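> Single-letter residue listing:
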Amino acid sequence: DAKTTQPTSMDCAEGRAANLPCNHSTISGNEYVYWYRQIHSQGPQYIIHGLKNNETNEMASLIITEDRKSSTLILPHATLRDTAVYYCIVRVGKSGGSNYKLTFGKGTLLTVNP
Amino acid sequence: KAGVTQTPRYLIKTRGQQVTLSCSPISGHRSVSWYQQTPGQGLQFLFEYFSETQRNKGNFPGRFSGRQFSNSRSEMNVSTLELGDSALYLCASSLIPRDSYNEQFFGPGTRLTVL
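Just so you know, the sequences run in chain order Y and C. Residue numbers for the first sequence follow the numbering used here, so the first one is 1 and each next one is one higher. Residue numbers for the second sequence follow the numbering used here, so the first one is 1 and each next one is one higher.
Okay, chain Y solo, but in the shape it has when bound (with noise of 0.2 Å):
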């Protein structure tokens, strides 16, 4: 699975977009971008995942750029249960029977200030 780059550290405030980036220069044509968010003490969060175009949920936004090689995602009115630790991830779709594992790197660790 292709390497993911992330700042380590993000600050917002409250009811303003919080835009995390995501760096993936490596990703191949097959793999998907995921993003999870692990709020303290608890297990990770499944948010958006997206594979070329850009995709909308209840939770947020995924802005994957026309390359591939970087992504964005976007909370559009951050709160303060916001604040966690987003991971980037990418993974090939089609686990082929084998390697559905999901790698995490360190994440970014986003803080939402009242």
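It is possible that some hints are incorrect.
List time: in silico DSBU-like cross-link candidates among lysine-lysine, alpha-carbon distance up to 30 Å [as the list claims (entries may be wrong)]:
hint: 1; chain 1: Y; residue 1: 52; chain 2: Y; residue 2: 69
hint: 2; chain 1: C; residue 1: 13; chain 2: Y; residue 2: 106
hint: 3; chain 1: Y; residue 1: 3; chain 2: C; residue 2: 57
Listing some non-contacts, in silico: residues in chain Y with all C-beta distances to chain C over 10 Å [unchecked claim]:
hint: 4; residue: 23
hint: 5; residue: 25
hint: 6; residue: 53
hint: 7; residue: 79
hint: 8; residue: 109
hint: 9; residue: 114
None of these hints come from the bench; they were simulated from the model. All figures in this text were calculated on a predicted structure; none of them were measured in a lab. C-beta: ideal position from N, C-alpha, C; glycine also.
Mind docking chain C on chain Y? Use the hints.
This is chain C only, laid out in the frame that chain Y set:
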């Protein structure tokens, strides 16, 4: 629908002992994966089970083992505990492991402390 449950939530053991952790996946989910999370190493994949068979394994010593039962519940065992095994052990379940669109749902984890 109930989420992934893990028991116990907290555990304290001493070096040399062995421990068994349990995971109940979301109803209908057949794939269970285990991860170890430590401050220094982050979240690392241990192994994955599907239909009672281990399908994938991370780079951990043989002291770490697991199994899955016919009802998809899974256990992992660590023998001859070492101080470095102190970690949060997370279990994740997914519906069908071969489906690229199925995300993994994580449980709250078991916090293991080895003294």
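> Does each hint fit the structure? Answer for all of them.
Verification of the supplied hints:
Note on residue 52 of chain Y and residue 69 of chain Y: the hinted pairing holds, with a Cα-Cα distance of about 10 Å set against a maximum of 30 Å. For the suggested pair residue 13 of chain C and residue 106 of chain Y, the alpha carbons sit about 28 Å apart, so the restraint of at most 30 Å is met. A threshold of 30 Å between alpha carbons decides the hint, and for residue 3 of chain Y with residue 57 of chain C the separation of about 19 Å falls inside it, so the pair holds. Chain C leaves residue 23 of chain Y outside its interface by the beta-carbon criterion, the shortest separation being 18 Å against a cut-off of 10 Å.
The beta carbon of residue 25 of chain Y sits about 21 Å from the closest Cβ of chain C, which is more than 10 Å, so the claim that it is off the interface holds. Every beta carbon of chain C lies more than 10 Å from that of residue 53 of chain Y, the smallest distance being close to 14 Å; the non-interface claim holds. With a least CB separation of 21 Å from chain C, residue 79 of chain Y remains clear of the 10 Å interface cut-off, as annotated. Non-interface status of residue 109 of chain Y relative to chain C is upheld: no Cβ of that chain comes within 10 Å, the nearest being about 12 Å off.
In this structure residue 114 of chain Y is separated from chain C by more than 10 Å, as the shortest Cβ-Cβ distance comes to about 27 Å.
Taken one by one, the earlier hints all hold for this structure without exception.
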